[in-house]
Amino acid sequence: MSDKLKAKRNKNSVTRNNTNGTCLNYHKLLSSTSMHTGGKKLACSDCKREFLVSTKTTMYRCNKCEGVSKSISGYKQFRENSLRAKFFNQDRQQNASKNASSHSSLLLSTTTIGNKRAVLCGVTYRRRRYMLKGTVNDVVNMKKLLTNNFAFPIESIRVLTEEQKDLNFLPTKRNIMESLKWLVKDCKFGDSLVFYFSGHGTQQPAIDKDDELDGFDETICPVDFIREGMITDDEINSTIVRPLKEGVKLHAIIDACHSGTTLDLMYVYKKHNDNWKWMNNIPPSIDPVTKRTNGGVAICFSACEDCQMAADTAAFGGKEMNGVMTYLLTKIIREHSGITYVGLLEKLQEEIGMVHRSKHFNGILKRIFHRRIEQNPLLSSSEKFDVNTKISF
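Per UniProt numbering: the sequence shown = residues 1 to 393.
Simulated from the structure, these hints should not be mistaken for lab results. Possibly wrong hints are sitting among the right ones.
Simulated pairs of lysine-lysine, DSS-like, Cα-Cα distance not exceeding 30 Å [to be verified]:
(1) LYS319 x LYS270
(2) LYS116 x LYS249
(3) LYS271 x LYS331
(4) LYS319 x LYS347
(5) LYS347 x LYS384
(6) LYS185 x LYS116
(7) LYS133 x LYS331
(8) LYS271 x LYS390
(9) LYS116 x LYS188
(10) LYS188 x LYS249
(11) LYS165 x LYS133
(12) LYS165 x LYS144
(13) LYS181 x LYS144
(14) LYS270 x LYS390
(15) LYS133 x LYS144
(16) LYS331 x LYS319
(17) LYS384 x LYS185
(18) LYS331 x LYS390
(19) LYS133 x LYS245
(20) LYS181 x LYS384
(21) LYS331 x LYS384
(22) LYS390 x LYS185
(23) LYS277 x LYS319
(24) LYS390 x LYS143
(25) LYS165 x LYS116
(26) LYS143 x LYS165
(27) LYS277 x LYS331
(28) LYS249 x LYS277
DEER-style ranges, computed between Cβ atoms [what the hints assert, rightly or not]:
(29) THR340 x ASP274: 33 to 39 Å
(30) GLY247 x THR147: 19 to 25 Å
(31) LYS319 x GLU350: 22 to 28 Å
(32) ASP166 x THR340: 34 to 40 Å
(33) LYS271 x ILE154: 36 to 42 Å
Just so you know, these numbers come straight off a predicted model, no measurement behind them. Note that beta-carbon positions come from the ideal geometry of N, C-alpha and C, so glycine has one too.
From just these sequences and the hints, can you work out the full model?
What follows is the structure in structure tokens.
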């Protein structure tokens, strides 16, 4: 059977992080676009396979043997050339960065009403081989949930997608970081904040090897991540978690691969020996103070654990694509107005499990990965709290 026919038969099933059913591999992507993005050539210290990584990389994991190498000295760097613009729309992104820089004060002074505000970010990666199709729909669903179910004023919700006409609100790295600063700026007792991200997520070796239990930072990918770099869990934590003052609550929903601890929060709530419990997420060698808030609380729902992939699908009906986790999260909350944190987590895991086990969804993915696809949503927090309390954004 031809590849085109296979794709046609399975057009409703696709992973979150690549339209061909494979999780976004940052190193492989750099290798295939080295003549356009620049990079440095490396050879795995274990299997000796050669590939390219970002010029700023200090550690890397081989996508063939999974070996981790810590030294990158002794390799040549590749030059950037004019073809880069063709693949990454350089002119447009440069203009966006300049525009965002020149209007940074305007960006940070967006009107807010009451004590609620949110940043909703959906990255499509248009005209890229790793383009996603459901992220804008995800943002629309989240916006409706916040306004209809949690009384968020529309004026207090900042949306970043590639459909925005204002270049300040394209989901570039600069714009996302500026919006995160806006989200927590001058936060005060009683404020309710939301950060939502739908797009690619991946992992990279931590600069400080003692900073992560598994040695890897979790990242989210802005639209210009190939040139400007990804946004790491450390950056997100320092920008929107540490500044939270007493009485301020932040909810984050991250619908991306490898998103389990994207906010680097101190505790995760998961099953251990068939019992749900809070588990410590801080490496023994790290001072917990560096990961704490300034008195507030940060809570995060992630689409999957750090080692797993999230998925897009059109299996819910109609022709539109949606992130599996976002679609179900918004649906469950709308249908169960008094649902608790643990109730939502359990229902998410149950329904996502049903989706992944279905023939319709799992057919093409099972043939690609030769195993059952797993996606376990994760709840994490800056402090332990009663998960039987009602969810309130």
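Hint check:
no. : hint                        : in the structure
1   : LYS319 x LYS270             : violated (34 Å)
2   : LYS116 x LYS249             : holds (10 Å)
3   : LYS271 x LYS331             : holds (24 Å)
4   : LYS319 x LYS347             : holds (25 Å)
5   : LYS347 x LYS384             : holds (21 Å)
6   : LYS185 x LYS116             : holds (12 Å)
7   : LYS133 x LYS331             : holds (19 Å)
8   : LYS271 x LYS390             : holds (20 Å)
9   : LYS116 x LYS188             : holds (11 Å)
10  : LYS188 x LYS249             : holds (10 Å)
11  : LYS165 x LYS133             : holds (19 Å)
12  : LYS165 x LYS144             : holds (21 Å)
13  : LYS181 x LYS144             : holds (23 Å)
14  : LYS270 x LYS390             : holds (18 Å)
15  : LYS133 x LYS144             : holds (19 Å)
16  : LYS331 x LYS319             : holds (18 Å)
17  : LYS384 x LYS185             : holds (25 Å)
18  : LYS331 x LYS390             : holds (16 Å)
19  : LYS133 x LYS245             : violated (37 Å)
20  : LYS181 x LYS384             : holds (25 Å)
21  : LYS331 x LYS384             : holds (26 Å)
22  : LYS390 x LYS185             : holds (27 Å)
23  : LYS277 x LYS319             : violated (39 Å)
24  : LYS390 x LYS143             : holds (20 Å)
25  : LYS165 x LYS116             : holds (25 Å)
26  : LYS143 x LYS165             : holds (18 Å)
27  : LYS277 x LYS331             : holds (25 Å)
28  : LYS249 x LYS277             : holds (22 Å)
29  : THR340 x ASP274: 33 to 39 Å : violated (20 Å)
30  : GLY247 x THR147: 19 to 25 Å : holds (23 Å)
31  : LYS319 x GLU350: 22 to 28 Å : holds (26 Å)
32  : ASP166 x THR340: 34 to 40 Å : holds (38 Å)
33  : LYS271 x ILE154: 36 to 42 Å : holds (38 Å)
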